[in-house]
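Protein chains in written order, with the working numbering: chain A, 2 to 321; chain B, 2 to 321.
Just so you know, the hints here were simulated from the structure itself, not pulled from any lab data. Just so it is clear, the structure is predicted and the values come from calculations on it, not from any experiment. Every residue, glycine too, gets a C-beta built ideally from N, C-alpha and C. Careful, some of the hints might be misleading.
What the hints assert, rightly or not - From the derived model, a few chain A residues whose C-beta atoms are all more than 10 Å from chain B:
1) VAL9
2) PRO77
3) ILE79
4) ASP104
5) ASN146
6) ARG147
7) THR151
8) ARG179
9) PRO208
10) GLY219
11) ASP233
12) ASP235
13) LEU260
14) ALA297
15) ALA311
To be verified - Here are the simulated SDA-like pairs of lysine to any residue, each with C-alpha atoms no more than 20 Å apart in a straight line:
16) LYS85/A - LYS120/A
17) LYS120/B - GLU145/B
18) LYS162/A - GLU145/B
19) LYS120/A - ASN251/B
20) LYS120/A - GLY178/B
21) LYS162/A - LEU215/B
22) LYS162/B - ALA217/A
23) LYS268/A - HIS207/A
24) LYS162/B - LEU223/A
25) LYS162/A - GLY178/B
26) LYS120/A - ALA217/B
27) LYS162/A - GLY178/A
28) LYS120/B - ALA217/A
29) LYS162/B - LYS85/A
30) LYS120/B - ASN247/A
31) LYS162/A - SER296/B
32) LYS120/A - LEU215/B
33) LYS162/B - GLN310/A
34) LYS162/B - LEU215/A
35) LYS120/B - ARG246/A
36) LYS120/B - LEU223/A
37) LYS120/A - GLU145/B
38) LYS162/B - ASN247/A
39) LYS120/B - ASP221/A
40) LYS120/A - LEU223/B
2 protein chains.
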Amino acid sequence: MKTRLTDVLDLKYPIIQAPMAFAAGGALAAATSHSGALGMIGGGYGDLDWIDAQFEVAGQAHIGCGLITWALADRPWILRHVIKRNPKAIYLSFGDPAPYAEDILNAGIPLICQVQTWKDARRAIEVGANVVVAQGSEAGGHGENRGTMTLVPEVFDEIAKQNSNVALVAAGGIADGRGLAASFALGADGVVVGTRYWASKEALVHPRILANALAANGDDTLRTRVLDIVRDYDWPRRYTARAQRNAFLNTWHGSETDLLEDLEVQKEIWADAQQRGDTATVAAFAGEGLGLIDSAPSAQDIAGNIIEQASSILVPKFKV
Amino acid sequence: MKTRLTDVLDLKYPIIQAPMAFAAGGALAAATSHSGALGMIGGGYGDLDWIDAQFEVAGQAHIGCGLITWALADRPWILRHVIKRNPKAIYLSFGDPAPYAEDILNAGIPLICQVQTWKDARRAIEVGANVVVAQGSEAGGHGENRGTMTLVPEVFDEIAKQNSNVALVAAGGIADGRGLAASFALGADGVVVGTRYWASKEALVHPRILANALAANGDDTLRTRVLDIVRDYDWPRRYTARAQRNAFLNTWHGSETDLLEDLEVQKEIWADAQQRGDTATVAAFAGEGLGLIDSAPSAQDIAGNIIEQASSILVPKFKV
């Protein structure tokens, strides 16, 4: 399948596996890249030991690496370190990419910028991103409020208006071939797939958390600040994280002030629960796509299955 | 264009104009029905004089009527009155349709149920709706939190699982042919279009409010309770309304308790501003689709333009 995205990133399939912090390690990235999509390590906040270990796990597979943009501000060496690993692409999310774009592009590494608003899409085009990912609120993990259905065509129009060659990728709620076909219709050149890869054999997810998520439907997630508070991350207020509802979130979502007052106790409860895979406390960072997912196959098969379903759909289902 | 929806509702095009309370009057509904889509009066909270007047304006056009389900509980005569006008369809949103479904179906009137969750979709199928509208959070006016991109295929799977013949319609963020084509890919038989019809010559929208909205982009809307508080509507907490940001919303959104304390004063300010079309105070009930809209054509042309664009897209844009 050829699109502008497969050309820019030299891929067999126009599918990027989301660089999910902590969940997307080297095994997932390698299996995905071997399948013909783009596998990515979720470099997240920038733990260099973890990132190095995952590159080792990935071995010879040519994989990309994602980083949280705002977390680079105090630690610019993280980006230099990742550039030295010669990733297939670097994927920046959540913050102004301007201070980092030049170093990435000068190293000859394709730059993927994920955005959550039309305004930030303009910024990503301006700094020279090779790929802009328009991420809707349906996505698991961090994001913002725009829906995929409107953000993608609006960014498409902006790209056309600027006469830009940047590739446009849709993210947020895309878990199967229907989502890929819909994204093409909206003007995207490909998709980022998160939750579908999160629920795979290779993702670094506790088996109890995974089993619990597979039984959920799309109504069972919400966007919240609670998980960042209890994990002590200083996320900019505009971004919240989508996760599966559970007892812990039902208790603290909407009562963030009370959580802050009891924070030391709750942090210990959380850390302990994480070891045990306690689903009442530790929430899965999963998107609305959970309702379209009920198994955890090998990542090796995911992209091919999406392509096969999308191809069958793109034969018009109606008569004009 | 033939789909299950055009069969069920006897339409030329698989497009339903959203029954937007106060904005969708008889002129809009008639122009839409004449064009081959389904025109609808926004019966809203059930002002019978207004509804009658709009049916008169629509004349011989065969149009539908929308009602807010929770508002029927205390005033069941509203539904009986609307049934007597023999609308082409009745469209219920926001509440359990069970107490009303039988009367509508017994009268031989197609029942359209709009839902915002997978759970409510199951209920709509159960009560015998002929059409289920899966409405994502991108939509203007009232709604909930699921995104169109995931809710539509998840409801599609539920319909298939139940072996039901109900027609599935996508709503939320669909403003052009790309949205229709994407909705088909997700499994829908057609679409509900709101904001695109709200920005039309025939909609009952103050010209200043309309001009201000046409200049906005999709980042400029938010979901809020403020507009229901200041208008004194007792909406169930799960539903919020999407509207265009302005000074009034920037002041009170997130400060709802303060608004309630100053309510009598603010209600007067609001009512006065509404007369004048003061865009700093009166917010447009518009969806994220605003970013895809920059003109207000006649409703007569909207459906045809959407179909034309969708048809050009549904030729695959890539080579397998």
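Consistency of the hints with the structure:
1. VAL9: Since the minimum Cβ distance to chain B is about 14 Å, VAL9/A lies beyond 10 Å and the statement holds.
2. PRO77: 29 Å, holds
3. ILE79: Non-interface label stands for ILE79/A: nearest chain B Cβ at 30 Å, farther than 10 Å.
4. ASP104: 29 Å, holds
5. ASN146: 7 Å, violated
6. ARG147: 6 Å, violated
7. THR151: 4 Å, violated
8. ARG179: 5 Å, violated
9. PRO208: 24 Å, holds
10. GLY219: 5 Å, violated
11. ASP233: 25 Å, holds
12. ASP235: 21 Å, holds
13. LEU260: 19 Å, holds
14. ALA297: 18 Å, holds
15. ALA311: ALA311/A not clear of chain B: closest Cβ-Cβ about 8 Å, inside 10 Å.
16. LYS85/A - LYS120/A: Violated: LYS85/A and LYS120/A sit about 31 Å apart, past 20 Å.
17. LYS120/B - GLU145/B: 13 Å, holds
18. LYS162/A - GLU145/B: Outside the cut-off at roughly 32 Å; violated.
19. LYS120/A - ASN251/B: Holds, because 19 Å separates the two Cα atoms, which is no more than 20 Å.
20. LYS120/A - GLY178/B: 23 Å, violated
21. LYS162/A - LEU215/B: 17 Å, holds
22. LYS162/B - ALA217/A: Distance ~16 Å between LYS162/B and ALA217/A Cα, so the pair holds.
23. LYS268/A - HIS207/A: This hinted pair holds, its Cα atoms lying about 19 Å apart.
24. LYS162/B - LEU223/A: Violated, because 25 Å separates the two Cα atoms, which is more than 20 Å.
25. LYS162/A - GLY178/B: 19 Å, holds
26. LYS120/A - ALA217/B: 12 Å, holds
27. LYS162/A - GLY178/A: 29 Å, violated
28. LYS120/B - ALA217/A: 12 Å, holds
29. LYS162/B - LYS85/A: Given pair LYS162/B, LYS85/A is violated - Cα atoms ~51 Å apart, limit 20 Å.
30. LYS120/B - ASN247/A: The hint holds at about 18 Å.
31. LYS162/A - SER296/B: Measuring from Cα to Cα gives roughly 17 Å; hence the hint holds.
32. LYS120/A - LEU215/B: 17 Å, holds
33. LYS162/B - GLN310/A: Measuring from Cα to Cα gives roughly 18 Å; hence the hint holds.
34. LYS162/B - LEU215/A: 18 Å, holds
35. LYS120/B - ARG246/A: 15 Å, holds
36. LYS120/B - LEU223/A: Holds, because 15 Å separates the two Cα atoms, which is no more than 20 Å.
37. LYS120/A - GLU145/B: Violated - the C-alpha atoms of GLU145/B and LYS120/A are around 24 Å apart, more than 20 Å.
38. LYS162/B - ASN247/A: 27 Å, violated
39. LYS120/B - ASP221/A: 10 Å, holds
40. LYS120/A - LEU223/B: 15 Å, holds
Hint compliance for this structure: hints 5, 6, 7, 8, 10, 15, 16, 18, 20, 24, 27, 29, 37 and 38 are not met, and every other hint is.
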